[in-house]
Amino acid sequence: MMYKTTCGSHYNFIFSRPETLTINDRIPDLYIQTLGRAFSEVEFESDFIARNYNLHILHNASGTVSIDGKTHEVRSGDLVSVFPGCHIRFEGDATQPWRYTYVVFAGLRAKEILAILGLTPQTPVLRGRWNQTYAHLLAAIEEAYSTDCYSLFFPVTAAWDLVNAISSSKQHPIPNEQPQNLATAVRFLIDQTPRADISVEEIARILRVDRSTIYRHFRAEYGMGPKQYLDRLRLEEACNLLINSRLSIKEIANAAGFAGSDHFARMFRRHYGISPNQWRQTHRK
1 MMYKTTCGSH
11 YNFIFSRPET
21 LTINDRIPDL
31 YIQTLGRAFS
41 EVEFESDFIA
51 RNYNLHILHN
61 ASGTVSIDGK
71 THEVRSGDLV
81 SVFPGCHIRF
91 EGDATQPWRY
101 TYVVFAGLRA
111 KEILAILGLT
121 PQTPVLRGRW
131 NQTYAHLLAA
141 IEEAYSTDCY
151 SLFFPVTAAW
161 DLVNAISSSK
171 QHPIPNEQPQ
181 NLATAVRFLI
191 DQTPRADISV
201 EEIARILRVD
211 RSTIYRHFRA
221 EYGMGPKQYL
231 DRLRLEEACN
241 LLINSRLSIK
251 EIANAAGFAG
261 SDHFARMFRR
271 HYGISPNQWR
281 QTHRK
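Counting in my numbering, the sequence shown runs without a single skipped number right up to 285 at its last residue.
Be careful, since some hints might not be right.
As the list claims (entries may be wrong) - Quick list of in silico lysine-lysine cross-link-like pairs, BS3-like style, CA-CA up to 25 Å: (1) K111 - K70; (2) K250 - K70; (3) K227 - K250.
In case anyone wonders, no lab produced these hints; they're calculated from the structure.
Construct the entire structure; sequences and hints are all you get.
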């Protein structure tokens with residue numbers, strides 16, 4: 001399905017699936033919901049709250065993107081990711097019109113897979129990653145979605161083909177991309193994923209290695225196991241919530257990723273020697 005929107009000097013051609021994709025009554029891990037082609041004149045502006053996992057591929061651009069108040073300079077060739085709930089503002093300068101493609105990813109693991117590419121709310125830009133070697137992938141998606149002539153599996157295979165093309169591109173890598181060393185890759189995933197959404201078992205599945213291999217490499221690099229490191233971050237996050245929020249102990253335990261309030265209380269007492277409530281009363285102003 002294709003439709004066009006126009007707002008002032010900004011033109012948007014949208015090629016989209018009309019409904020959520022399910023295969024055998026299951027939502028896939030990743031698929032492409034929408035592909036859009038956008039054009040604008042110089043000094044382009046766009047301000048919106050993201051509702052999906054979007055990847056903006058900047059073919060021609062010069063200006064800035066602000067995500068929840070943090071501003072990044074962008075230019076032709078950059079890839080910019082936006083995440084649900086984020087406040088996004090694109091501002092083009094006076095040097096050139098903007099032309100970009102945006103892809104809306106959906107699926108059960110969309111956020112996780114973008115993180116593997118190095119794209120998170122904290123690191124939303126990949127420098128200079130666009131190149132013509134995968135332009136044909138975008139053209140194929142546009143053609144398929146504009147005619148509604150594609151197989152049930154096309155949105156899934158197209159998504160993975162695009163992810164593979166981006167991950168294979170080595171132009172101007174930035175420091176926050178996924179590391180190649182196993183220990184740093186594990187730490188990257190822990191650091192970039194909300195505590196409640198990650199576990200050592202999940203990391204092993206993502207990286208396709210067993211837990212003992214992860215433990216051995218991580219301990220050799222950082223002097224502790226990955227679970228110990230993850231628990232330490234969870235406790236730090238819990239302390240922050242104890243001081244700066246009015247959440248209950250149960251709510252804090254859930255937010256920080258503990259198995260339950262009893263587990264949280266045991267871990268907290270073991271580390272700090274007092275209960276979470278006692279710690280809160282001592283440290284709160």
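Verification of the supplied hints:
no.: 1; hint: K111 - K70; in the structure: holds (20 Å)
no.: 2; hint: K250 - K70; in the structure: violated (32 Å)
no.: 3; hint: K227 - K250; in the structure: holds (21 Å)
Figure legend: structure checked against the earlier numbered hints; the only hint not met is number 2.
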